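Visitor: Each chain, written out:
Number of protein chains: 2
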Amino acid sequence: MTDSQDLREEARHQDQDELMQHLKEVQQVLSRHKLVESLVHRQDMPRHELVEGLVHKQHLVELQKKLDELHPADIAYILEALPLDERLLVWDLVKADRDGEILLEVSDAVRESLIETMAPAELVAAAEQLDADELADLAPDLPSEVIDDVFRSLDSEEREQLRAAMSYPEGSVGALMDFDLVSVREDVTLEVVLRYLRRFEELPDQTDQLFVVDRDEQLRGVLPLDVLLVNDPEIEVAALMQTDALSLQPEDDADHAAQAFERYDLVSAPVVDGQGRLVGRVTVNAVLDHIRDEAEADQLAQAGLKEEEDIFASVWDSVKNRWQWLAINLVTAFIASRVIGAFEGSIEKLVALAALMPIVAGIGGNSGNQTITMIVRAIALGQVGTDSERRLYRKEAAVAVVNGLIWGGLLGLIAWWLYDDFRLGAVMTAAMTLNLLVAAAVGVAIPMTLQRLGRDPAMGSSVMITAVTDSGGFFIFLGLATLFLL
Amino acid sequence: MTDSQDLREEARHQDQDELMQHLKEVQQVLSRHKLVESLVHRQDMPRHELVEGLVHKQHLVELQKKLDELHPADIAYILEALPLDERLLVWDLVKADRDGEILLEVSDAVRESLIETMAPAELVAAAEQLDADELADLAPDLPSEVIDDVFRSLDSEEREQLRAAMSYPEGSVGALMDFDLVSVREDVTLEVVLRYLRRFEELPDQTDQLFVVDRDEQLRGVLPLDVLLVNDPEIEVAALMQTDALSLQPEDDADHAAQAFERYDLVSAPVVDGQGRLVGRVTVNAVLDHIRDEAEADQLAQAGLKEEEDIFASVWDSVKNRWQWLAINLVTAFIASRVIGAFEGSIEKLVALAALMPIVAGIGGNSGNQTITMIVRAIALGQVGTDSERRLYRKEAAVAVVNGLIWGGLLGLIAWWLYDDFRLGAVMTAAMTLNLLVAAAVGVAIPMTLQRLGRDPAMGSSVMITAVTDSGGFFIFLGLATLFLL
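Chains B and F, in that order, give the protein sequences.
Residue 176 in our numbering sits at position 170 of the first sequence, and the numbers go up by one each step.
Residue 160 in our numbering sits at position 154 of the second sequence, and the numbers go up by one each step.
Rather than coming from a laboratory, the hints here were simulated on the basis of the structure.
Be careful, since some hints might not be right.
Since the list can't tell identical chains apart, any single copy or any two copies may satisfy a pair.
Unchecked claim - Calculated pairs, BS3-like style, for lysine-lysine (alpha carbon to alpha carbon, straight line, at most 30 Å):
1) Lys-326 - Lys-101
2) Lys-71 - Lys-101
3) Lys-30 - Lys-101
4) Lys-355 - Lys-40
5) Lys-355 - Lys-30
6) Lys-72 - Lys-326
7) Lys-326 - Lys-355
8) Lys-401 - Lys-326
9) Lys-401 - Lys-30
10) Lys-326 - Lys-63
11) Lys-401 - Lys-40
12) Lys-71 - Lys-326
13) Lys-101 - Lys-355
14) Lys-355 - Lys-63
Keep in mind it's a predicted model, so treat the numbers as computed, not measured.
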């Protein structure tokens, strides 16, 4: 029976407005503090040093008192909202025994900025406050000598857990798993279980069920706390435990686990190894973090950012975070530019083409992105089988033709009116419709192909579709114009 | 003391692979069923009617048996993955007493397609199975006469709850709230609470704490189940209840509540009215659904889709879902086109401009989207105050200058080499740098302004930034070229 548990001091929960208020107060103290410093420095007189020291201290004591009252997650929030110099000042004031928890809560970028300033001994102390699964989350950001030191300080069970937790790849259930669980035997009565629980100081966070295992740690079922509470204490666990609840394996896809939590409104789920032995559990708060991270990663990738960015990062860090996709975009834009270059002769003869061509390309890109978003969502929900693929191509093609005729037709009329050239309008309509068809076909094909190759169907698909509809749109429009107008 | 609770039959939890397998089996039965139908119809002989009837029945019985074993969420999943005709066939086979729960689980688009086929009496029966908060979620999709009928069938407490639940706007805590909670008094011992709980058949889903209220329903604190379980039954509730836990108000922003659930790893939180009376609770599964919906809405809005789309929706429904943003995009593309039109004389003289201008516009758009994504995220996390705004402008401008010099410089060299014109290269570099500065300024200004106007800072910002960087890029590049090259 595992009885690992954290004994964390409870701090008051803040609602968003209160939290903002705390942030503002911290900022005020910091700016008063800075003002005093700058005043004293400007006058640069030795007799002020004493005063500075006193005021300085007073501000910092005030700040420290405030920080001590806050939940680690709230301190993390405040650290993220502060520029680097103020952030490090606040970080120094945080009690050392809370460092570990706070490092867990901040974003990767901010965590890096904090870890950089800490001595190895401080890092070891911070890491030692954490559970194995938390340590595994932090480990990639820690220097290897710190990890080694921490590792040596663990007992053999914890070492085994840490080794296991670090071995699971990101995106697997193993990476979400923790080891804080309470397990019981099936041949005891509820009364015995209740007495057993009273020996705990508290139960692990988000304990909504106990796990029923046999002597070989094989998972036999789960006993929800509410079942334990509403039933007669004389009944045996075996008679009440649920055997049909979801159990996960460490290798399972974390996304699938998250979907199961949503489908079945779970708070926790047991994780068993290949031999059916209970090795850990996944809780809904790990799932919530996972969902938030995934949604964020998608948004960042779509905009061409490598990772979340500390808004107070240095200019150079920001440039590094953003250059890759700008470079890719530059290459695709260059290719599109060369497509236009090939038709320079046509543009010279009919300069209206230069003004109209970005419309054809732009609408194609927008429409292709709509298709991709819809398909990516359907793939994520597992709704796209091989049967439906052909159907999807047909439908998207039909939507493209309708849109091409409506919007392309409208633009054709406008082009006709602007340049007083009926044939130019007709070419415009035809080019729009064709480019929308290209966008539809490629919009279905890209995520489906990525999916088949085992890649994330959303990854980079927006850049790819825009590349195709830009170059394709220019080629179709200028090509048709060259064929029919010149 | 409220003791409302659902007595739902528990179905086996499926992992993702099992669920896919079920879907495949359903699809196989459906296609066998269709094959028989089409064979019989083709031969069109009356003596086959009997056989058809038998085979038909056999398939449907098989299907029904399979469906009965599945969890409502899993049936919803299967319904979403089926084309309309098959979806309705399966829907007919689902036991009527599960209709309500399944309607809650399917997406809005699919729900519409199901409700359309149901008679008012069926809808009333389905709605009557639901709790007030669930009913409030379903209500907007139901015909008003159905709502009226259901309303008449409720007792006065439920009516009050339904009226309250329907009165809260989407995006408020009230809209996430449910009324399934267990409350206790502070002046009783844990023993009394334990005896009281044994009178329940089961506790409401996701009950991790009991709510402590006084005679006027004023919330006094919360009693987590683990506190109840680990402590001596002789102790009074008042001595153990937590008074510093988060409590929400129905008018609070649902996003803020969701962030609090993430920060503090909550499973449930009490909701109190302005007078401090307990009116309901929010559970983590409502929060999970909210976060998923929000992330999805963001992605859809970014791609220019009005709402999630049933992938088997008709072509016409799809066109309607997508037209608005295409139209906006058309207008912005048209404006950009007219900017180019104003410089047709310049392009006629130097046709290379036509080939190079999309690069300037495209890179600007990409870079602006990166800035916006970062700012929107920072705003969502509440990290952007007025102090940091100036700092952000400065930093983004610096990033723009660095990128402009690096990438603009590179492109300038390429343009120089391609067209053997040094001054063209210099104009290219200058235009890129200026357009990146525009992108940076507007990329910070758009979400900040939307935020100040009380709008969603992400809404439509991608379309706006692209409009600015397209028209701006064309104007800057062609304008500089006209001034310096011609």
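Visitor: Each hint needs a verdict: does it hold in this structure or not?
Guide: Against the structure, the hints:
For the identical chains of this complex, Lys-326 and Lys-101 are neighbours neither inside a copy (33 Å) nor across copies (57 Å), given an alpha-carbon limit of 30 Å. With identical chains, the CA atoms of Lys-71 and Lys-101 are at most 30 Å apart within one copy only, with a shortest distance of 10 Å there and 60 Å across copies. For a Cα distance limit of 30 Å, the shortest separation of Lys-30 from Lys-101 inside one copy, 21 Å, qualifies, whereas the shortest one across copies, 56 Å, does not. In the homo-oligomer, the alpha carbons of Lys-355 and Lys-40 never lie at most 30 Å apart, since the shortest distance is 66 Å inside one protomer and 59 Å across protomers.
For a Cα distance limit of 30 Å, the shortest separation of Lys-355 from Lys-30 qualifies neither inside one copy, at 63 Å, nor across copies, at 58 Å. Taking the shortest alpha-carbon separations for Lys-72 and Lys-326, neither the intra-copy value of 36 Å nor the inter-copy value of 54 Å comes in at or below 30 Å. Taking the shortest alpha-carbon separations for Lys-326 and Lys-355, neither the intra-copy value of 43 Å nor the inter-copy value of 39 Å comes in at or below 30 Å. Proximity of Lys-401 to Lys-326 under the C-alpha cut-off of 30 Å is restricted to the inter-copy arrangement: shortest distance 14 Å between copies versus 41 Å within a copy.
In this homomeric assembly, Lys-401 and Lys-30 come within 30 Å of each other (Cα to Cα) only across copies, at 22 Å, whereas the closest approach inside a single copy is 53 Å. For the identical chains of this complex, Lys-326 and Lys-63 are neighbours neither inside a copy (38 Å) nor across copies (64 Å), given an alpha-carbon limit of 30 Å. When the C-alpha separation of Lys-401 and Lys-40 is checked against a cutoff of 30 Å, the pair qualifies only between copies, where the shortest distance is 21 Å, while the shortest distance within a copy is 63 Å. Proximity of Lys-71 to Lys-326 under the C-alpha cut-off of 30 Å is found in neither arrangement, the shortest distances being 38 Å within a copy and 57 Å between copies.
Taking the shortest Cα distances, Lys-101 and Lys-355 never come within 30 Å of each other, neither inside one copy (74 Å) nor across copies (70 Å). In this assembly of identical chains, the alpha carbons of Lys-355 and Lys-63 never lie at most 30 Å apart, being 77 Å within a copy and 70 Å across copies at closest.
Checked against the numbered hints listed earlier, the structure breaks hints 1, 4, 5, 6, 7, 10, 12, 13, 14; every other hint is satisfied.
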